[in-house]
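Chemist: These protein sequences, in sequence, are chains B and U.
UniProt numbering numbers the first residue of the first sequence as 1 and each following residue consecutively.
UniProt numbering numbers the first residue of the second sequence as 1 and each following residue consecutively.
Worth double-checking, as some hints may not be accurate.
Computed footprint of chain U on chain B; a stretch qualifies when at least three of its residues, placed anywhere within it, have a C-beta under 8 Å from a C-beta of chain U [claimed, not checked]:
id	segment
1	51-59
2	315-326
Calculated Cβ distances over 12 Å to all of chain B for the following chain U residues [what the hints assert, rightly or not]:
id	residue
3	Y7
4	E214
5	T224
6	R249
7	A262
8	R267
9	D268
10	H305
Treat the hints as calculated values from the structure; they're not laboratory data.
For every residue, glycine included, the Cβ atom is placed at its ideal position computed from N, Cα and C.
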Amino acid sequence: MNNHKSLADFYPFFIYLAGFLLFWEWLRPLATITDTGSVYVFVIYTAICFGVSYYVKNPFLVSFIKLMTLFIAIDYLFLPEQLFSPAWFDELRLHVGFNIDIIMQQEWQEMTALFRSLLFFLLLWLMSYLLHYWFLIAKRFFLFILLTFIYVAIVDTFTMYDGSSAIVRTFVISLVAMGITHYMKENQGEKATTTAKELSGYWIIPLLAMVVLATVVGYFAPKFDPQWPDPVPFIKSTAENAGFQEGDTVRKVGYGEDDSRLGGSFLADDSPVFEAIAPKRQYWRIESKDIYTGKGWGRSSDLNYLPLEDGIVEWESFSSDVETTDYQASIQFAEETNLPKVVYPYGVARFNSGPSTQFFMDNASGMIEAELSEQDINLSYLVEYQYPSFSVDRLQEVEGDDPESIRDRYLQLPDELPERVRELAAEVVDEDESRYEKAKKIESYFSNNGFLYQTEDVPVPEGDEDYVDQFLFETQVGYCDNFSTSMVVMLRSLDIPARWVKGFTGGEMAEDQPSLPPEYQLYEVTNNNAHSWVEVFFPDIGWVPFEPTSGFVNPVDFYEEASTDPNNPNEPTTPEEDTTPEEEEETEETAGQELDLEDENALGAGGDGSGSGVNLTKWIITVSIIALVALLFMVYRKRDDIKRWYWKKRAKKRLKEDNVEHSYNFLLMLLEKKVKRREKGQTLREYAKTIDDWLLTDDMSKITSIRERNLYRENTGTNEKDDFTELFENLIGQILP
Amino acid sequence: MEQEMSYYQDQVSNILANIRRVMIGKDQVTTLSLVAFLAEGHVLLEDVPGVGKTMLVRAMAKSLNCNFKRIQFTPDLLPSDVTGVSIYNPKELEFEFRSGPIFGDIVLADEINRTSPKTQSALLEAMEEMNVTVDGMTKSLEKPFFVMATQNPVDYEGTYPLPEAQLDRFLLKLRMGYPNEIDELEMLNRTDQSHPIEEIQAVMQKEELLAIQELIEKIYIDRTVKKYIIQIVTKTRSDDKVQLGASPRGSIALMKAAKAYAFVQNRDYVIPDDIKYLAPFVLAHRLILNPEAKYEGTTADRIIHDILTEVEVPITKEYSR
Numbered sequence: 001m002n003n004h005k006s007l008a009d010f011y012p013f014f015i016y017l018a019g020f021l022l023f024w025e026w027l028r029p030l031a032t033i034t035d036t037g038s039v040y041v042f043v044i045y046t047a048i049c050f051g052v053s054y055y056v057k058n059p060f061l062v063s064f065i066k067l068m069t070l071f072i073a074i075d076y077l078f079l080p081e082q083l084f085s086p087a088w089f090d091e092l093r094l095h096v097g098f099n100i101d102i103i104m105q106q107e108w109q110e111m112t113a114l115f116r117s118l119l120f121f122l123l124l125w126l127m128s129y130l131l132h133y134w135f136l137i138a139k140r141f142f143l144f145i146l147l148t149f150i151y152v153a154i155v156d157t158f159t160m161y162d163g164s165s166a167i168v169r170t171f172v173i174s175l176v177a178m179g180i181t182h183y184m185k186e187n188q189g190e191k192a193t194t195t196a197k198e199l200s201g202y203w204i205i206p207l208l209a210m211v212v213l214a215t216v217v218g219y220f221a222p223k224f225d226p227q228w229p230d231p232v233p234f235i236k237s238t239a240e241n242a243g244f245q246e247g248d249t250v251r252k253v254g255y256g257e258d259d260s261r262l263g264g265s266f267l268a269d270d271s272p273v274f275e276a277i278a279p280k281r282q283y284w285r286i287e288s289k290d291i292y293t294g295k296g297w298g299r300s301s302d303l304n305y306l307p308l309e310d311g312i313v314e315w316e317s318f319s320s321d322v323e324t325t326d327y328q329a330s331i332q333f334a335e336e337t338n339l340p341k342v343v344y345p346y347g348v349a350r351f352n353s354g355p356s357t358q359f360f361m362d363n364a365s366g367m368i369e370a371e372l373s374e375q376d377i378n379l380s381y382l383v384e385y386q387y388p389s390f391s392v393d394r395l396q397e398v399e400g401d402d403p404e405s406i407r408d409r410y411l412q413l414p415d416e417l418p419e420r421v422r423e424l425a426a427e428v429v430d431e432d433e434s435r436y437e438k439a440k441k442i443e444s445y446f447s448n449n450g451f452l453y454q455t456e457d458v459p460v461p462e463g464d465e466d467y468v469d470q471f472l473f474e475t476q477v478g479y480c481d482n483f484s485t486s487m488v489v490m491l492r493s494l495d496i497p498a499r500w501v502k503g504f505t506g507g508e509m510a511e512d513q514p515s516l517p518p519e520y521q522l523y524e525v526t527n528n529n530a531h532s533w534v535e536v537f538f539p540d541i542g543w544v545p546f547e548p549t550s551g552f553v554n555p556v557d558f559y560e561e562a563s564t565d566p567n568n569p570n571e572p573t574t575p576e577e578d579t580t581p582e583e584e585e586e587t588e589e590t591a592g593q594e595l596d597l598e599d600e601n602a603l604g605a606g607g608d609g610s611g612s613g614v615n616l617t618k619w620i621i622t623v624s625i626i627a628l629v630a631l632l633f634m635v636y637r638k639r640d641d642i643k644r645w646y647w648k649k650r651a652k653k654r655l656k657e658d659n660v661e662h663s664y665n666f667l668l669m670l671l672e673k674k675v676k677r678r679e680k681g682q683t684l685r686e687y688a689k690t691i692d693d694w695l696l697t698d699d700m701s702k703i704t705s706i707r708e709r710n711l712y713r714e715n716t717g718t719n720e721k722d723d724f725t726e727l728f729e730n731l732i733g734q735i736l737p
Numbered sequence: 001m002e003q004e005m006s007y008y009q010d011q012v013s014n015i016l017a018n019i020r021r022v023m024i025g026k027d028q029v030t031t032l033s034l035v036a037f038l039a040e041g042h043v044l045l046e047d048v049p050g051v052g053k054t055m056l057v058r059a060m061a062k063s064l065n066c067n068f069k070r071i072q073f074t075p076d077l078l079p080s081d082v083t084g085v086s087i088y089n090p091k092e093l094e095f096e097f098r099s100g101p102i103f104g105d106i107v108l109a110d111e112i113n114r115t116s117p118k119t120q121s122a123l124l125e126a127m128e129e130m131n132v133t134v135d136g137m138t139k140s141l142e143k144p145f146f147v148m149a150t151q152n153p154v155d156y157e158g159t160y161p162l163p164e165a166q167l168d169r170f171l172l173k174l175r176m177g178y179p180n181e182i183d184e185l186e187m188l189n190r191t192d193q194s195h196p197i198e199e200i201q202a203v204m205q206k207e208e209l210l211a212i213q214e215l216i217e218k219i220y221i222d223r224t225v226k227k228y229i230i231q232i233v234t235k236t237r238s239d240d241k242v243q244l245g246a247s248p249r250g251s252i253a254l255m256k257a258a259k260a261y262a263f264v265q266n267r268d269y270v271i272p273d274d275i276k277y278l279a280p281f282v283l284a285h286r287l288i289l290n291p292e293a294k295y296e297g298t299t300a301d302r303i304i305h306d307i308l309t310e311v312e313v314p315i316t317k318e319y320s321r
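Please model the entire structure based on the sequences and the hints provided.
Modeler: Right under this line is the structure:
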């Protein structure tokens with residue numbers, strides 16, 4: 001019996017300890033997800049609070065100890081003065097007074113670290129009190145376990161904190177704790193019934209064995225991949241592209257600035273970026289990059305933004321003698337867009353956006369940013385541009401060497417670039433072909449050789465693997481980044497200056513067209529339309545865009561001047577030029593999503609990183625399902641209360657009808673449901689007797705005799721009505737406690 | 001009416017209490033005998049001698065202030081020994097009717113199955129017709145008239161089993177059984193000095209008894225309860241263990257008995273519980289079981305019991321029909 005007693009003393013302690021460990025799991029992520037330093041102080045304080053709550057019975061003493069510990073912790077963390085010296089108190093008072101003022105002024109950010117810590121200590125104090133009550137008095141800790149799991153899961157999902165080991169710890173602690181409580185309950189139950197049946201103390205061994213087994217199996221067993229992609233990126237962004245996780249395998253599509261590590265699958269994101277009213281569907285350029293690292297793209301020089309006076313763009317990507325057409329387009333960025341860049345068509349000449357908006361341009365990359373005045377929330381501007389169309393003949397005939405500055409910058413390749421890439425490039429082209437022909441051959445090499453456009457299962461190169469090499473020789477599947485980067489690298493290996501360009505494709509023609517001049521259309525450009533392509537340098541002409549990605553069509557027109565050479569090998573170019581918009585539409589339609597995705601990739605692969613974009617509906621459905629399940633669970637938990645409420649309500653209604661027969665039949669129905677069925681050969685009296693035996697009353701017999709008279713005698717004594725009501729209420733009260 | 005009823009119900013309670021002073025631990029038989037009496041029916045008691053049958057009847061007679069006659073049936077008993085004979089009175093120069101023991105208010109017909117069927121039928125005719133025919137003259141029996149017949153268990157030697165048609169005339173068939181130890185000890189204690197039967201006083205007069213009998217006819221029995229009776233009786237006719245089920249007379253008997261029982265239970269209406277309680281006593285002796293069922297050891301009581309669990313008790317009113 002002694003043994004028993006000591007064991008009984010221990011279990012609550014274990015459970016309490018488990019509670020503390022679980023609570024610890026709540027504190028652990030603080031170091032990661034907040035700027036809290038010295039988390040251990042908080043943990044120690046919590047431990048002391050827990051311990052005091054457990055061992056000290058006197059509530060005043062408990063409070064006193066907790067308060068003193070709190071002071072010591074504050075002193076340790078913040079106050080240099082001698083503990084409890086007058087200066088110390090002054091300092092503390094100063095802090096508190098200052099912070100109370102701050103709070104009054106709702107300047108939350110200004111609160112001092114000391115005061116925030118103080119508040120947090122107080123919170124821990126409260127928690128220790130609450131959990132003490134929860135575990136040892138109410139003996140309900142399943143809820144806390146559940147909350148802990150949810151907390152860890154949420155923190156893991158939405159922050160940098162890695163909860164995988166926390167989950168395992170929580171799991172083990174919970175199982176042990178629940179095992180112990182279960183044992184305690186069993187034990188109490190046995191004590192109540194049979195006195196001598198004492199479980200040996202060894203019960204803990206199978207318990208622990210089970211927990212260990214479950215944990216090990218759970219840890220090593222194969223697990224499903226997450227059934228839903230990480231929801232964070234989607235929540236975080238509509239068009240925002242502030243990714244922070246490098247090298248994630250699944251990204252969201254959209255424009256991103258960081259292209260240092262390309263590759264990986266991505267998911268569609270059709271959140272709008274901007275709307276353009278333009279005379280034709282054309283690519284929208286943002287910037288180019290020049291340094292290929294073997295994994296992605298970087299810049300050889302830092303951005304150097306120079307203001308554009310009156311919005312006039314001096315920068316040129318092609319020489320002024322290229323044939324051009326003057327156009328205008330109007331760009332309106334979507335509200336939720338955070339894209340900090342200005343998109344522009346080839347041949348951009350001037351921005352017009354009112355006096356308050358200032359444009360800045362980096363000439364190396366061609367990147368333009370706009371500075372908005374305060375009141376303008378969304379960037380919108382008019383752009384005047386001279387859209388080029390390149391003469392194939394001129395391109396064929398270009399002579400002369402590339403300027404030194406161009407060669408320095410746009411022929412760069414990493415030393416580690418595998419030789420076979422260069423070999424392949426050399427194989428694809430003929431040595432004596434013109435630069436234009438070479439570019440065309442490489443541009444079409446991919447689609448002619450079975451390279452597939454694909455957004456899923458696109459790997460990120462690992463180790464010293466080269467991004468281009470991987471695409472060309474191993475995977476042969478990918479999206480625009482793969483195609484465009486490969487083309488640039490192959491061209492450079494052939495000594496042809498080329499650069500990698502990012503931007504957006506022309507987008508989708510809006511379904512609801514506003515009334516516009518006939519030649520203009522409204523295009524909606526979403527993150528799905530993010531894209532990357534190639535620009536090749538031609539001396540005297542400048543940078544000419546090429547589109548290697550299968551399924552996409554070069555947006556820029558090429559024309560042949562009156563057939564100088566019928567044997568010209570670039571047949572595809574000419575038809576392409578004129579038909580571009582239609583064709584593109586068609587292809588996009590046929591290729592469906594793929595194309596859209598492709599677009600996205602090109603631009604987005606770099607930036608958004610952190611996660612996969614998720615369909616909004618999917619997310620909503622998930623949340624609703626969770627909510628529904630939670631609701632069902634609540635209903636399930638409360639089902640007895642709900643039923644009781646329902647029956648009581650019905651009972652009241654019945655009684656109001658003032659009909660003995662109805663009320664009594666209702667009572668019978670309820671009794672049959674809740675207590676015992678009536679045999680069909682059982683008379684009311686006999687049934688009432690069994691009910692009374694069960695309920696330990698004689699109310700049912702009494703009420704039954706009233707009903708008997710009502711049923712078999714066809715009259716009810718007037719004074720019986722009140723009795724009936726009273727008995728009825730009594731019985732309902734007993735059946736539905 | 002209500003006052004009258006409750007007065008008589010009190011009286012009946014007194015009678016029962018009175019009889020119980022003599023009949024220890026025999027409440028059921030006592031109550032049911034009285035019920036039969038009040039319902040103007042007769043009782044067949046099947047039991048071994050010496051368990052208090054006579055005492056019961058005598059106690060009833062004394063409590064009700066009725067005259068009590070006893071007929072000991074023997075194989076050589078003649079009908080006229082029961083009904084009475086006409087004797088020539090030389091003084092008056094005419095035949096004079098000497099009434100037999102049947103002309104009593106309460107008649108104990110002891111060991112009825114020991115006599116010949118001829119004599120049995122004389123008794124049974126009297127019970128049913130409420131008159132006797134002697135030498136072409138019909139003499140009416142006066143109310144109250146209550147016969148308690150006893151018979152030895154059927155398989156005793158030298159018995160003439162009563163035919164079904166005659167069994168039908170008994171409202172109830174009861175069994176007395178041996179008292180349990182405690183009751184028997186109590187019985188010994190009471191009879192130690194003087195027999196308690198001597199101390200029993202009349203509780204009411206014959207007229208009151210007749211009034212009660214009239215009152216009982218007015219006891220309310222609801223249509224649903226009547227239907228319940230019919231369902232039970234009908235079921236005895238369709239049961240495959242039964243060769244011959246209860247007759248409509250059985251239904252009537254059950255209803256009459258139920259009314260009287262309800263009265264004894266201080267009610268002025270019959271409830272299904274009354275029917276359920278009485279059905280074995282009213283119906284069991286009216287059934288003739290199949291030989292196979294008999295061979296298997298099934299009893300009529302058992303069959304009635306099964307029927308009662310199967311027939312649905314009416315617990316709601318019928319509104320249409």
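Chemist: A separate judgement is required for each hint: does it hold in the structure or not?
Modeler: Each hint tested on the structure:
no., hint, result
1, 51-59, "violated (count 0)"
2, 315-326, "violated (count 0)"
3, Y7, "holds, 19 Å"
4, E214, "holds, 20 Å"
5, T224, "violated, 7 Å"
6, R249, "holds, 24 Å"
7, A262, "violated, 9 Å"
8, R267, "violated, 8 Å"
9, D268, "violated, 7 Å"
10, H305, "violated, 10 Å"
Checked against the numbered hints listed earlier, the structure breaks hints 1, 2, 5, 7, 8, 9, 10; every other hint is satisfied.
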